[in-house]
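Enquirer: So you can see what is in the structure, the chains are spelled out below.
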Amino acid sequence: MLKIKEYVRAESLSQAYELNQKRSSRILGGMLWMKMSNARIGTAIDLSGLGLDQIEETESEIRIGCMVTLRQLETSETLERVSCGIVRESVKNIVGVQFRNLATIGGSLFGRFGFSDVLTCFLALDTYVELYKAGVMSLEEFAGRPRGDRDILVRVIVKKTPGRQVYLSHRNTRTDFPVLAIAVSSGSRGVRVIAGARPGRAVCAAIPDEWKERLDGSACTPEEMEKLAGELAGKIPMGSNMRASAQYRSHLACVLIKRGLLRLQKMQEEEG
Amino acid sequence: MTKIQISLTLNGKKVTEEIAPDLLLIDFLRNHRCYSVKRGCETANCGLCTVFLDEKPVLSCSVLAARAHGHTVDTLEGLQEEARELGEFIADQGAEQCGFCNPGMIMNAIALFRENPQPSDEEIKEYLAGNLCRCSGYEGQLRAFRAYLEYKERGGAVCAQ
Ligand SMILES: Cc1cc2nc3c(=O)[nH]c(=O)nc-3n(C[C@H](O)[C@H](O)[C@H](O)COP(=O)(O)OP(=O)(O)OC[C@H]3O[C@@H](n4cnc5c(N)ncnc54)[C@H](O)[C@@H]3O)c2cc1C
Ligand code: FES
Ligand code: FES
Numbered sequence: 000m001l002k003i004k005e006y007v008r009a010e011s012l013s014q015a016y017e018l019n020q021k022r023s024s025r026i027l028g029g030m031l032w033m034k035m036s037n038a039r040i041g042t043a044i045d046l047s048g049l050g051l052d053q054i055e056e057t058e059s060e061i062r063i064g065c066m067v068t069l070r071q072l073e074t075s076e077t078l079e080r081v082s083c084g085i086v087r088e089s090v091k092n093i094v095g096v097q098f099r100n101l102a103t104i105g106g107s108l109f110g111r112f113g114f115s116d117v118l119t120c121f122l123a124l125d126t127y128v129e130l131y132k133a134g135v136m137s138l139e140e141f142a143g144r145p146r147g148d149r150d151i152l153v154r155v156i157v158k159k160t161p162g163r164q165v166y167l168s169h170r171n172t173r174t175d176f177p178v179l180a181i182a183v184s185s186g187s188r189g190v191r192v193i194a195g196a197r198p199g200r201a202v203c204a205a206i207p208d209e210w211k212e213r214l215d216g217s218a219c220t221p222e223e224m225e226k227l228a229g230e231l232a233g234k235i236p237m238g239s240n241m242r243a244s245a246q247y248r249s250h251l252a253c254v255l256i257k258r259g260l261l262r263l264q265k266m267q268e269e270e271g
Numbered sequence: 000m001t002k003i004q005i006s007l008t009l010n011g012k013k014v015t016e017e018i019a020p021d022l023l024l025i026d027f028l029r030n031h032r033c034y035s036v037k038r039g040c041e042t043a044n045c046g047l048c049t050v051f052l053d054e055k056p057v058l059s060c061s062v063l064a065a066r067a068h069g070h071t072v073d074t075l076e077g078l079q080e081e082a083r084e085l086g087e088f089i090a091d092q093g094a095e096q097c098g099f100c101n102p103g104m105i106m107n108a109i110a111l112f113r114e115n116p117q118p119s120d121e122e123i124k125e126y127l128a129g130n131l132c133r134c135s136g137y138e139g140q141l142r143a144f145r146a147y148l149e150y151k152e153r154g155g156a157v158c159a160q
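Chains as they are written, first to last, in numbering that gives the first Met the number 0: chain A, 0 to 271; chain B, 0 to 160.
Accuracy of the hints is not assured; some may be wrong.
With a straight-line Cα cutoff of 27 Å, these simulated DSSO-like cross-link-like pairs (lysine-lysine) come out [claimed, not checked]: (1) B:Lys151 with A:Lys2; (2) B:Lys124 with B:Lys37; (3) B:Lys2 with A:Lys21; (4) B:Lys124 with A:Lys91; (5) B:Lys2 with A:Lys91; (6) B:Lys124 with A:Lys4; (7) A:Lys91 with B:Lys12.
Here are some, though not all, of the chain B residues that point toward chain A, as calculated from beta-carbon distances under 8 Å [stated by the list, open to error]: (8) Ile3; (9) Ser61; (10) Ala90; (11) Asn107.
Hint data in this document are derived by calculation from the structure and do not stem from the laboratory.
Please read these numbers as outputs of a predicted model, since none were measured by experiment.
Ideal placement from N, C-alpha and C gives every residue a C-beta, glycine not left out.
Only chain A is shown next, with the shape it has when bound in the complex (with noise of 0.2 Å):
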C-alpha cells in the first residue's frame, strides 16, 4: 500500500519544484497509477491549486495545464477539431469514465510508459512538453529521456499544423492496455507512423525516402500501402509480454499501419 508522511498543496510551481528535489518526494498527479506500487513517500505534492487544469486556444497551438483529464481530453471540442479525433479515440478505451476523471495528462507523459495509449497519440501530433527547469522541448526528445529526472511537467502545448491523422489501438479486451497502438498522420511535417505499447515506449518509425513523395502524392495503391506497412512493421522493434509475443504485434502492425494509411489516403481525397 501506498504511504505517505505529508500531503502539501503547493501555493507555486517553484515551491513544488524544490519540495520535489529531495528523493521521497512525489508530484502526484491522478495518482491512479502511483497508487499501483507501495511507494513509501514522504512529500505528496498536490499541484491541483495551481489553475493548471485548463486546455487554452491560441491561435497557434493548445495548451493543456498538466492537471486536465483524461476525460477533459476527450471531451475537448477543441481537440476534437485539432487532431482529427484521435485525442478522444486515443483516451475512449482507458478503463472507464470513473477513471478518466482522475487520470491527468502530465501523470500520463511524465510516466513515459511502454503501454502508453495517450503517449502514442500525442506524438503523432506536433506536440511540445513545458518543464519547469528543462523549458520547452519536443515530446519526441521528451519521450527518448530516461525517467528519474526531478522536474515538473507544467503544460503539454500542441501545435496546429495543418495535417490529418489517424489512431487504431488493438485490445484483448475493451478497456485492458493495448495490445499494439498505432497513430499515423501526414501534413507539413510529412507521414509519420508511431507505434506503442509494443509493448516498449512509443517509437516513430522512419519512412524510407523511396516511399516518402507517393505517400504525399496519394498515389500509392492498396497493394503498395500493404508493402509498405510490412516493410515499417518489420523494422519496429517489438517485444512479447502477457498480451501477446513479439511475432503476433509485429502481424498487428502491419495491419494497422496498412488500415492508418489507407484512412489518411481517404481523408486526403475527401478534401479534394
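Based on these hints, arrange chain B with the ligands on the given structure of chain A.
Expert: Chain B with the ligands only, in chain A's frame:
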C-alpha cells in the same frame, strides 16, 4: 506523519476532520457510514467504489481524501430517491444476481443520464465500460436502463402494457 484538516460537503452536509495524509476517500466515506461505497478490486478497474466529486463520477479507492478538501462529495446515500427508482428497474429486469456491482453501476448510470439524458446503447456501453459485473452479461442492465429512460421520457409514468 503530519495530520491535515479537511472540510468538505458530504451528501449535502459540511464535514470537517483531521485525517492522515494517505487516507483514501473510500475509507473516509466508510468511516462516515457511507457503506454503499464498496471495495472491489482496489486497482482502479471495477468501478464499485464510484462516488461523485463535484458531480463527476470518480473512483474513491484511488483518490486521497485530502483531495476532496473544499469540494463536494456525493454517495448513493445522498441520492436516495434517484437511486431507488433506477434500482427498481434493474431489479425488474432481473439484471442483478449477487448485486455487489449495483451501487457503483447505479452511481455511474446516474452520472451518465445527468450528462446525456438520451444516450444511445453504444453511449451507455461506453460510459459504463468501467463498471464490472461478474455475474451478468450486462444485457439485463442495458434493458433496465432503456426501460428507465423510456419511463423518464414519458414524464415518469410507468406504461400499462
Ligand atoms: C488499472 C490501470 C489501467 C490503465 N490502462 C491504461 C491504458 O489502457 N492506456 C493508457 O494509455 N494508460 C493506461 N493507464 C495509465 C493511466 O492512463 C495514466 O497514464 C496513469 O495512471 C498516470 O496518470 P496519473 O495522472 O494517474 O499519474 P500519477 O500516478 O499521479 O503519476 C505518475 C508519475 O508521474 C509523476 N507525475 C505526475 N504528474 C506530474 C507532473 N505534472 N510533473 C512531473 N511528474 C508528474 C508522478 O510523480 C508519478 O511518478 C492505466 C493505469 C491503471 C492504473
Ligand atoms: S474498488 Fe475502486 S475501482 Fe475497484
Ligand atoms: S450482479 Fe454480481 S457482480 Fe454484478
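Enquirer: Work down the list of hints and note, for each, if the structure agrees.
Expert: Now the hints, each set against the structure:
1. B:Lys151 with A:Lys2: Given that 27 Å is the threshold and the Cα spacing comes to 45 Å, the pair is violated.
2. B:Lys124 with B:Lys37: holds, 22 Å
3. B:Lys2 with A:Lys21: With a Cα-Cα distance of about 20 Å, the restraint between Lys2 (chain B) and Lys21 (chain A) holds, given a limit of 27 Å.
4. B:Lys124 with A:Lys91: Holds, at roughly 12 Å.
5. B:Lys2 with A:Lys91: violated, 37 Å
6. B:Lys124 with A:Lys4: Status violated; Cα separation ~40 Å.
7. A:Lys91 with B:Lys12: Violated, at about 34 Å.
8. Ile3: holds, 6 Å
9. Ser61: holds, 5 Å
10. Ala90: violated, 23 Å
11. Asn107: Check passed: Cβ of Asn107 (chain B) comes within 6 Å of chain A, closer than 8 Å.
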